[in-house]
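Student: Sequence:
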Amino acid sequence: MLRQRGALGSLLRTGLTRSLSSLAIKLASAGLTYIGFVVLARSMSVTEYGYFAFGLALATVLAIGAGMGQQTAVMRFHAEDMAHKDTAAAQTTLRAGSMLTILGSVLVAAALCLYAGITDALRGSAPSWALYAAALLILPMALGEFTSAALRTQGSIWTALAPRDVLWRSALPLAALALAAAGIMLTGWGALLLAAGLLLVVVAAQYGLARTERYQLPLGFAGLAGFWRTRGKISLWLLLGGFINAAALNADTIVIGALLAPEQAGAYFNAFRTGGLMTLFAFAISLVIAPPIARHFYAGERHKAQVLLAAGTGAASYFRCWPASPSCFLAIRS
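Residue numbers (my numbering): 1 to 334.
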């Protein structure tokens, strides 16, 4: 019994350490995101920033759909394969997930470009450059999401999160400032293209860094058809869940941008993203806790999975509630 308690204590301490690392990255990401939005808003006109906010929200939702559910599937199936000590199947999971993400991103981006071209032709209006730029942002966003998930399921935290959450989010406002200093004012579609190009470079660097640290991120079509035959149906259900979650967070900005003025979309986008910082602690915990829960579950270590789940749920609930406590207290006092 004492040995079991010691093992569980060690497990929780490891989880806490990794959660704190994840939280540190997410706190840096939140600060950089806020600064980045301020810099972009100041270096663009109100209308153009609205187009940027609309395109970014649209690309975020479509990137989840383009990922074919592989951002979640890789954490489930890789843990299952490794629990069965089937390294070949684990490699196939990583490889197929990468290729499905790339193929899905290309198809979704092409569909968005086709839609933009058809609607522009029917209306006889100027090209919808924000839609075309958003289409180019889909691939780096989807691939960045999958790469982060694939590295986290292999035990990485810094390599999985830091490149996109820190490097990309700091590079974007710095590039915008450099362009503003040179007298170049970004348009909405120009900011989207800049974000896409920088993110693509960061994801490519992340691949290189992962290889030097001996993490597996294979590419290729080997085993893709077999993977989809056996695990495609589950992947589609995972896709549905991820798409609903992404749509719930971004659909309102898309609707506002499509129906109202771009200026209103930009203002709403900033307010919503600032309010979303309250969920940061719970999100950081979920990023760390999901891979080990899947690993212990498929290894038959259900008790460890339950302990991690209970600890993660309790911590996430606490961090979700405490920001609202002062407001509730003041409301009751008044």
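By construction, these hints were calculated from the structure, which means they are not laboratory data. Treat the hints loosely; a few may be bogus.
Stated by the list, open to error - Computed Cβ-Cβ distance ranges for the label pairs, DEER-style:
1) 245 to 35: 21 to 31 Å
2) 27 to 174: 31 to 41 Å
3) 230 to 155: 22 to 32 Å
4) 185 to 233: 46 to 56 Å
5) 127 to 42: 51 to 61 Å
Even glycine gets a Cβ: it sits at the ideal position worked out from N, Cα and C.
Student: Could you run down the list of hints and mark each one as holding or not?
Tutor: Cross-check of the supplied hints:
{"no.": "1", "hint": "245 to 35: 21 to 31 Å", "in the structure": "26 Å, holds"}
{"no.": "2", "hint": "27 to 174: 31 to 41 Å", "in the structure": "19 Å, violated"}
{"no.": "3", "hint": "230 to 155: 22 to 32 Å", "in the structure": "25 Å, holds"}
{"no.": "4", "hint": "185 to 233: 46 to 56 Å", "in the structure": "49 Å, holds"}
{"no.": "5", "hint": "127 to 42: 51 to 61 Å", "in the structure": "27 Å, violated"}
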